[in-house]
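Let the sequences and hints guide you as you build the complete structure.
Chains as they are written, first to last, in this note's numbering: chain A, 1 to 310; chain B, 1 to 310.
I should point out that these hints are in silico values taken from the structure, not numbers from a laboratory. Even for Gly, the Cβ is constructed at its ideal location relative to N, Cα and C. Any given hint might turn out to be false.
Each pair of labels, with its calculated beta carbon distance range [said to hold, decoys possible]:
1) A:Gly288 to B:Asn294: 36 to 42 Å
2) B:Gly208 to A:Arg293: 33 to 39 Å
3) A:Gln309 to B:Ala106: 49 to 55 Å
4) A:Thr2 to B:Leu14: 49 to 55 Å
5) A:Met254 to B:Ala103: 34 to 40 Å
6) B:Met254 to A:Asp5: 34 to 40 Å
Over 12 Å on every C-beta distance to chain B, these chain A residues come out as not near it, computed from the model [as the list claims (entries may be wrong)]:
7) Ala62
8) Thr75
9) Asn132
10) Ala134
11) Asp160
12) Val163
13) Ser211
Protein chains: 2
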Amino acid sequence: MTAIDTVAIVGAGLLGQGWAIVFARAGKTVRIFDARDDAEAQIRPQIVAALAEMQAAGLCDAPDDWLAQMSFAKTLGDAVGAADYVQESTFERIDVKREISAAISAVLPEHAICGSSTSGFPGSAFLDHCDNRARMLVMHPVNPPHLVPIVEIVPTPWTDPAVPVRARALMEEVGQSPVSLDREIPGFVLNRLQGALLDEAFALLAEGYASAEDIDRTVRDGLGLRWAFMGPFETIDLNAPKGLADYAERLGPMFAGFAEQRQADRDWRPEAVARADAERREALPETGLADRRNWRDAMLMAILRAKQQG
Amino acid sequence: MTAIDTVAIVGAGLLGQGWAIVFARAGKTVRIFDARDDAEAQIRPQIVAALAEMQAAGLCDAPDDWLAQMSFAKTLGDAVGAADYVQESTFERIDVKREISAAISAVLPEHAICGSSTSGFPGSAFLDHCDNRARMLVMHPVNPPHLVPIVEIVPTPWTDPAVPVRARALMEEVGQSPVSLDREIPGFVLNRLQGALLDEAFALLAEGYASAEDIDRTVRDGLGLRWAFMGPFETIDLNAPKGLADYAERLGPMFAGFAEQRQADRDWRPEAVARADAERREALPETGLADRRNWRDAMLMAILRAKQQG
Numbered sequence: 001m002t003a004i005d006t007v008a009i010v011g012a013g014l015l016g017q018g019w020a021i022v023f024a025r026a027g028k029t030v031r032i033f034d035a036r037d038d039a040e041a042q043i044r045p046q047i048v049a050a051l052a053e054m055q056a057a058g059l060c061d062a063p064d065d066w067l068a069q070m071s072f073a074k075t076l077g078d079a080v081g082a083a084d085y086v087q088e089s090t091f092e093r094i095d096v097k098r099e100i101s102a103a104i105s106a107v108l109p110e111h112a113i114c115g116s117s118t119s120g121f122p123g124s125a126f127l128d129h130c131d132n133r134a135r136m137l138v139m140h141p142v143n144p145p146h147l148v149p150i151v152e153i154v155p156t157p158w159t160d161p162a163v164p165v166r167a168r169a170l171m172e173e174v175g176q177s178p179v180s181l182d183r184e185i186p187g188f189v190l191n192r193l194q195g196a197l198l199d200e201a202f203a204l205l206a207e208g209y210a211s212a213e214d215i216d217r218t219v220r221d222g223l224g225l226r227w228a229f230m231g232p233f234e235t236i237d238l239n240a241p242k243g244l245a246d247y248a249e250r251l252g253p254m255f256a257g258f259a260e261q262r263q264a265d266r267d268w269r270p271e272a273v274a275r276a277d278a279e280r281r282e283a284l285p286e287t288g289l290a291d292r293r294n295w296r297d298a299m300l301m302a303i304l305r306a307k308q309q310g
Numbered sequence: 001m002t003a004i005d006t007v008a009i010v011g012a013g014l015l016g017q018g019w020a021i022v023f024a025r026a027g028k029t030v031r032i033f034d035a036r037d038d039a040e041a042q043i044r045p046q047i048v049a050a051l052a053e054m055q056a057a058g059l060c061d062a063p064d065d066w067l068a069q070m071s072f073a074k075t076l077g078d079a080v081g082a083a084d085y086v087q088e089s090t091f092e093r094i095d096v097k098r099e100i101s102a103a104i105s106a107v108l109p110e111h112a113i114c115g116s117s118t119s120g121f122p123g124s125a126f127l128d129h130c131d132n133r134a135r136m137l138v139m140h141p142v143n144p145p146h147l148v149p150i151v152e153i154v155p156t157p158w159t160d161p162a163v164p165v166r167a168r169a170l171m172e173e174v175g176q177s178p179v180s181l182d183r184e185i186p187g188f189v190l191n192r193l194q195g196a197l198l199d200e201a202f203a204l205l206a207e208g209y210a211s212a213e214d215i216d217r218t219v220r221d222g223l224g225l226r227w228a229f230m231g232p233f234e235t236i237d238l239n240a241p242k243g244l245a246d247y248a249e250r251l252g253p254m255f256a257g258f259a260e261q262r263q264a265d266r267d268w269r270p271e272a273v274a275r276a277d278a279e280r281r282e283a284l285p286e287t288g289l290a291d292r293r294n295w296r297d298a299m300l301m302a303i304l305r306a307k308q309q310g
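Have a look at this one:
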């Protein structure tokens with residue numbers, strides 16, 4: 001097995017830039033390719049700004065060193081041809097994914113792996129026609145990947161079983177938190193869990209049980225405080241004297257009752273969406289969204305620091 | 001409207017002790033009644049220990065001052081008769097709740113409110129027979145309430161509508177985060193949201209898509225990092241260019257698809273419970289649960305500090 005020293009970033013919007021930081025932080029040589037004209041002039045200042053924010057938050061000691069690990073390639077072949085690992089983060093449209101995947105496959109070194117950042121498409125929908133599909137798979141991050149470590153690793157039916165294992169080892173090596181899926185499923189794990197909670201949130205709102213703000217509070221001042229450092233299984237494991245099975249025996253029937261009540265009604269009702277949006281826009285005008293996203297990233301950094309020190 | 005200066009704590013296990021800290025922290029006079037023999041000798045050292053932990057975590061400047069706000073009553077009448085607000089936190093069994101509620105009602109000053117900490121019973125199941133049921137309701141905290149600020153306020157059909165409004169103002173005054181429910185629903189908001197996510201987690205585990213550990217990672221290194229400071233609605237509000245309605249339009253159909261696939265199958269399958277428990281016990285023997293709960297509380301304190309500084 002070849003060590004992974006050089007990583008190619010294909011597509012360097014916010015997601016690709018975050019990936020570049022992840023790999024540079026771990027000492028990898030990072031080759032960035034973005035098809036936009038004048039890509040380096042656009043992208044480099046954004047990466048510099050992100051590194052400055054991390055430094056201010058105590059999450060980056062040496063931004064110049066990290067930046068020195070990165071360089072920009074003029075062509076796809078220049079970036080991918082020298083790579084041991086490729087992270088594709090192009091625009092989330094199936095025809096774009098199909099085209100870029102074939103182009104990467106055509107120049108992929110014979111030992112290299114290519115992961116796609118797609119959040120919505122199964123790999124089998126855009127990797128089927130690639131010659132090197134046995135070494136291609138989905139590596140789904142959350143934005144921004146340099147602050148949110150989770151990465152979902154999802155093989156296609158054609159992926160060589162050794163490939164997700166190597167990809168997982170790479171993610172662990174660079175400080176990400178890999179989740180290995182056995183096979184494809186719509187939404188992978190993360191969006192399915194998020195969707196299940198959102199379904200219930202929209203149903204409670206539609207039926208007038210509580211306001212959107214109060215439902216948000218229930219998570220950010222209750223459930224989410226724990227879920228920032230323990231998953232749902234570990235949480236219930238600590239909440240019964242003898243652990244998880246004990247908890248399921250005591251409380252499983254109660255939870256099953258909630259589910260039965262809801263089975264017929266798991267869509268996001270338009271009136272609930274309209275009400276939640278109206279509440280949000282009253283709390284935060286659309287013009288304030290960009291600043292609030294910066295606040296979110298600052299909070300993520302503070303919580304990451306708290307988790308690191310714990 | 002009378003100001004709330006004196007609070008009675010009825011039942012002082014871990015939950016009641018946490019409530020005593022919450023009210024003392026806010027400068028209230030706290031009268032504690034617990035039916036156990038030698039209650040003060042058992043309970044006071046536990047509160048002293050909890051305050052020392054908060055002080056070490058930077059969440060309590062003056063533990064002695066907080067302790068000085070608290071005193072122990074010999075009888076229920078001694079505690080409740082002088083109270084403006086009563087927090088009942090006795091053992092979670094319906095006959096216990098019915099009996100203590102009637103006893104509190106019988107000595108409740110005519111201006112006072114009584115909230116029950118029940119996590120599982122609707123107030124209408126144990127307050128119906130109380131003379132003062134118009135001033136009684138559910139005030140559901142999460143353990144430990146001095147570290148997790150959420151409180152669900154749930155009126156019964158008989159609760160005077162002014163009472164939940166006063167109770168909410170009190171919770172805001174003492175630094176808790178109140179959630180106002182319009183009416184009763186099994187599981188209130190918090191356990192319904194938790195249950196929806198757990199349903200999906202157990203289903204993914206049962207079908208072999210991922211391990212319990214990897215599903216936990218997806219939350220603690222992904223979704224939960226955000227949910228520790230933003231609710232589910234605010235999270236998606238920041239994840240589409242024009243906010244929540246924009247997000248629902250783009251991604252609602254994808255999420256609806258997950259739900260349809262699951263409708264027939266929302267119970268916690270026994271084999272999934274057994275598998276999750278086996279994984280947990282391999283990661284942490286039952287003898288390690290107590291230490292891990294202490295770690296959980298330390299992490300909660302670190303994240304609370306991070307949120308306060310943000």
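Here is how each hint holds up against the structure:
no., hint, result
1, A:Gly288 to B:Asn294: 36 to 42 Å, "40 Å, holds"
2, B:Gly208 to A:Arg293: 33 to 39 Å, "36 Å, holds"
3, A:Gln309 to B:Ala106: 49 to 55 Å, "50 Å, holds"
4, A:Thr2 to B:Leu14: 49 to 55 Å, "54 Å, holds"
5, A:Met254 to B:Ala103: 34 to 40 Å, "27 Å, violated"
6, B:Met254 to A:Asp5: 34 to 40 Å, "37 Å, holds"
7, Ala62, "24 Å, holds"
8, Thr75, "31 Å, holds"
9, Asn132, "25 Å, holds"
10, Ala134, "21 Å, holds"
11, Asp160, "20 Å, holds"
12, Val163, "17 Å, holds"
13, Ser211, "8 Å, violated"
When the structure is compared with the earlier hints, violations turn up for hints 5, 13 and for no others.
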